[in-house]
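> Sequence:
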Amino acid sequence: MKKIGVIGLGIIGGSLVKAISKKGLSDCIVAYNRNPEITALAVKEGTVHKAAREIDESFEDCDIIFICVPVDVIPGIVYKLSGIVKKGCILTDVGSTKTDVMKVVENIEIPFMFIGGHPMAGSEETGYRHARHNLFENAYYILTPPKNTGKKYVENLAGFIESLGALPIILKPEEHDYAVAAISHVPHVLASSLVNTIRDLDDDKKLMHTLAAGGFRDITRIASSSPEIWKSICLTNKGNIILIIQKFMEKTEQYINALIKNDDKMLSSLFSDAKDYRDSFSEKRVGALFKTYDIIVDVEDKPGVIGTIAGEFGKRGISIKNIGINNSREMEKGAMEICFYDRESQINSLNILKSMGYTVSIR
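Counting from 1 along the sequence shown, just add 25 to a position and that's the residue number in this note's numbering.
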């Protein structure tokens with residue numbers, strides 16, 4: 026059985042040790058966290074077997090080490106570990122950007138194999154106390170191995186990731202960074218920019234602040250995430266972010282020109298194209314301009330769980346519009362999404378699931 030090391034017990038690192046422990050994937054989990062009270066808590070809960078006081082020889086016999094810290098801190102930790110770990114050990118990170126980290130690691134003389142990693146799972150909440158063992162179930166987990174990585178190392182790590190319940194996807198670092206810039210990093214910048222714009226435009230009566238609800242809150246929710254984390258992410262992927270923001274500005278100019286010219290056909294075309302593409306993401310989702318009645322349920326991936334929930338709703342006469350698993354859910358709780366036809370069904374279902382012991386939230 027593998028000896029596993031985890032450095033950093035935040036929401037991701039904490040969920041890793043809880044998942045590994047819950048599934049019995051290691052008989053020795055050693056962990057380090059900057060705040061020793063957290064590692065002490067993890068040991069007390071039985072999710073960690075050994076608490077390391079420093080990044081030291083405690084990790085020397087590990088088969089896999091997960092580095093779960095902000096992206097700008099990762100290279101320094103890799104350098105520390107380079108003189109400690111055994112030959113053949115797999116080091117992997119969970120950072121949101123990959124290209125810069127991979128370039129730095131390539132210049133460090135290492136006896137181990139470093140494979141970049143990025144679980145597409147998480148929550149607006151942070152810290153070990155919000156970690157949960159099923160965070161990775163049915164979530165995409167990107168792996169970015171260097172060109173010279175032996176096949177057995179990639180298969181080893183991918184297999185371990187699968188055992189956590191996640192869905193590993195192999196990408197080149199630059200492919201990963203360009204894609205996440207578009208679907209994660211730029212949306213965060215835009216959400217932050219929109220919130221700052223509304224803040225600047227609002228008057229002393231704070232009318233905009235008072236009326237802000239529904240769609241505005243939905244598309245700006247991610248602006249509430251950690252400023253420090255997002256500063257690091259953006260600075261390590263700035264080239265892709267700038268490029269995509271420039272493309273976004275070009276597209277925005279089309280809307281501005283259509284409005285100036287009263288070009289209703291162009292506006293209709295722009296909105297229709299966006300709706301068609303947005304609706305294609307998943308059958309269970311509808312266009313962003315329409316009201317939806319969704320709930321997010323934190324469930325374990327085990328046979329019968331969807332049937333149990335759907336059956337309970339059926340007994341109560343509640344109709345489900347769509348139900349499914351969200352595989353890419355950074356900054357969101359839960360794995361199952363359920364869509365209803367009306368607000369009443371949404372609220373009733375929320376209360377039913379809470380009474381059944383599920384953790385539920387409204388999107």
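None of these hints come from the bench; they were simulated from the model.
One or more of the hints may lead you astray.
Here are the simulated BS3-like cross-link-like pairs (lysine-lysine), alpha carbons at most 30 Å apart as the crow flies [to be verified]:
no., residue 1, residue 2
1, Lys-75, Lys-47
2, Lys-290, Lys-276
3, Lys-112, Lys-47
4, Lys-47, Lys-69
5, Lys-263, Lys-290
6, Lys-48, Lys-28
7, Lys-263, Lys-300
8, Lys-340, Lys-263
9, Lys-340, Lys-276
10, Lys-128, Lys-177
Quick list of the computed label-pair ranges, beta carbon to beta carbon [to be verified]:
no., residue 1, residue 2, range
11, Lys-197, Ile-267, 17 to 23 Å
12, Glu-369, Ile-195, 16 to 22 Å
13, Lys-128, Ala-204, 16 to 22 Å
14, Tyr-302, Leu-268, 16 to 22 Å
15, Ile-195, His-234, 44 to 50 Å
16, Lys-340, Phe-296, 39 to 45 Å
17, Ile-267, Glu-62, 18 to 24 Å
18, Gly-342, Gln-271, 48 to 54 Å
19, Lys-69, Gly-113, 30 to 36 Å
20, Asn-376, Lys-346, 14 to 20 Å
21, Asp-301, Gly-329, 52 to 58 Å
22, Gly-113, Glu-70, 43 to 49 Å
Think of the CB as a built atom: it goes at the ideal place given N, C-alpha and C, for glycine as much as any other residue.
> So which of those numbered hints doesn't the model satisfy?
5, 8, 9, 12, 17, 21, 22
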